[in-house]
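Peer 1: We have chain E already, so just place chain Z on it with the hints.
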Amino acid sequence: MSARDYAVDLLVGGGIAAEVVCCLGLLAMRSAIDRLHYVGAAATLGPALIAAAVCVREGLVSSQGMNAVLIALLLAFGSASVAGATARLIRLRERGALESTPAERERG
Amino acid sequence: MNVWLIGATILLAALLPCGVVILRAPILDSLVALELVTTLATVALVLLAEGYHRSSYFAVPVVLAFLNVVGALIFVRFLADRRL
Chain E
1 MSARDYAVDL
11 LVGGGIAAEV
21 VCCLGLLAMR
31 SAIDRLHYVG
41 AAATLGPALI
51 AAAVCVREGL
61 VSSQGMNAVL
71 IALLLAFGSA
81 SVAGATARLI
91 RLRERGALES
101 TPAERERG
Chain Z
1 MNVWLIGATI
11 LLAALLPCGV
21 VILRAPILDS
31 LVALELVTTL
41 ATVALVLLAE
51 GYHRSSYFAV
61 PVVLAFLNVV
71 GALIFVRFLA
81 DRRL
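Those protein sequence lines, which keep their order, are chains E and Z. For reference, each letter of the first sequence is one residue, going 1 to 108 in this note's numbering. For reference, each letter of the second sequence is one residue, going 1 to 84 in this note's numbering.
Here chain E stands alone, though its shape is the one from the complex (with noise of 0.2 Å):
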């Protein structure tokens, strides 16, 4: 195996730890604010590991290349305006209404 396989391996495992790290915090959390946090977690950081596998593999001036790096900025991209959708939902949900309560200004 030479180095650059190495460093395939590396970045595919550590792109496979973070989602599964994510699901599992996904799990362990009790509120949607907190998982939402793993959700953005997990569109950023494995598709970006994941891609620059892929990249270090093929090549960044390849078809698989681009595309993973296409796929890896969508997911980053797309996951923050989702994220802020939910998060308002969220809100909307449970406080109804987006402003600060009179006690959350209190707090700071």
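It is worth saying that the hints were derived from the structure and are not from the lab. Since the model is a prediction, treat every value here as computed from it, not as a measurement. Fair warning: there could be bad hints in the mix.
Chain E is faced by these chain Z residues, among others (derived, beta-carbon under 10 Å) [claimed, not checked]:
{"hint": "1", "residue": "E50"}
{"hint": "2", "residue": "P61"}
{"hint": "3", "residue": "L64"}
To spell it out: a stretch of chain E is covered by chain Z in this simulated footprint if at least three of its residues, at any positions, have a beta carbon under 8 Å from a beta carbon of chain Z; those stretches are [claimed, not checked]:
{"hint": "4", "segment": "8-20"}
{"hint": "5", "segment": "67-81"}
{"hint": "6", "segment": "99-106"}
Label pairs and their calculated CB-CB ranges [claimed, not checked]:
{"hint": "7", "chain 1": "E", "residue 1": "A17", "chain 2": "Z", "residue 2": "S56", "range": "24 to 30 Å"}
{"hint": "8", "chain 1": "Z", "residue 1": "I10", "chain 2": "E", "residue 2": "S63", "range": "23 to 29 Å"}
{"hint": "9", "chain 1": "E", "residue 1": "Y6", "chain 2": "Z", "residue 2": "A59", "range": "15 to 21 Å"}
Yeah, the Cβ is synthetic: ideal placement off N, Cα and C, and Gly gets one too.
Peer 2: Showing chain Z alone in chain E's frame:
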């Protein structure tokens, strides 16, 4: 069986905890878990495409990554109007 296919298998197994949350948690927690399921499926498809070394297979996760955003926003839009 290479490292890509092993990784895809692990990710498919990781869908089980998300399924537990979807089935047992309140509706908003289920929505959050559904978003994670789509992300995991997209990454698993990338791993399968690279594991089988077929560049044409990458079209499926590209489309799924785009539909992930659209589908989740539609769920958010409709859940905002309903008291479930």
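Peer 1: If you check the beta carbons of I10/Z and S63/E, does the distance land in 23 to 29 Å?
Peer 2: 25 Å, holds
Peer 1: Let's test the interface hint: is any C-beta of chain E closer than 10 Å to that of E50/Z?
Peer 2: With Cβ-Cβ at 6 Å, under 10 Å, it holds.
Peer 1: Using the nearest Cβ pair, does L64/Z come within less than 10 Å of chain E?
Peer 2: 9 Å, holds
Peer 1: For the range 15 to 21 Å, tell me whether the beta carbons of Y6/E and A59/Z fit it or not.
Peer 2: 30 Å, violated
Peer 1: Is it true that the C-beta distance of A17/E to S56/Z lies inside 24 to 30 Å, as the hint says?
Peer 2: Between A17/E and S56/Z, where Cβ atoms are some 29 Å apart, the hint holds.
Peer 1: Verify the coverage statement for the segment 67-81 of chain E against chain Z, using a C-beta to C-beta distance below 8 Å and requiring 3 or more qualifying residues.
Peer 2: n = 9 at 8 Å, threshold three: holds.
Peer 1: The segment 8-20 of chain E covered by chain Z? Criterion: 3 or more residues, Cβ-Cβ distance below 8 Å.
Peer 2: Contact hint for the segment 8-20 of chain E vs chain Z: holds, 8 residues under 8 Å.
Peer 1: Is the listed coverage of the segment 99-106 of chain E by chain Z valid when you require three or more residues with a beta carbon under 8 Å from a beta carbon of that chain?
Peer 2: violated (count 0)
Peer 1: Should the hint that P61/Z touches chain E count as held when the rule is a Cβ pair under 10 Å?
Peer 2: 5 Å, holds
In terms of the numbered hints stated before, the structure departs from hints 6 and 9, listed from lowest to highest.
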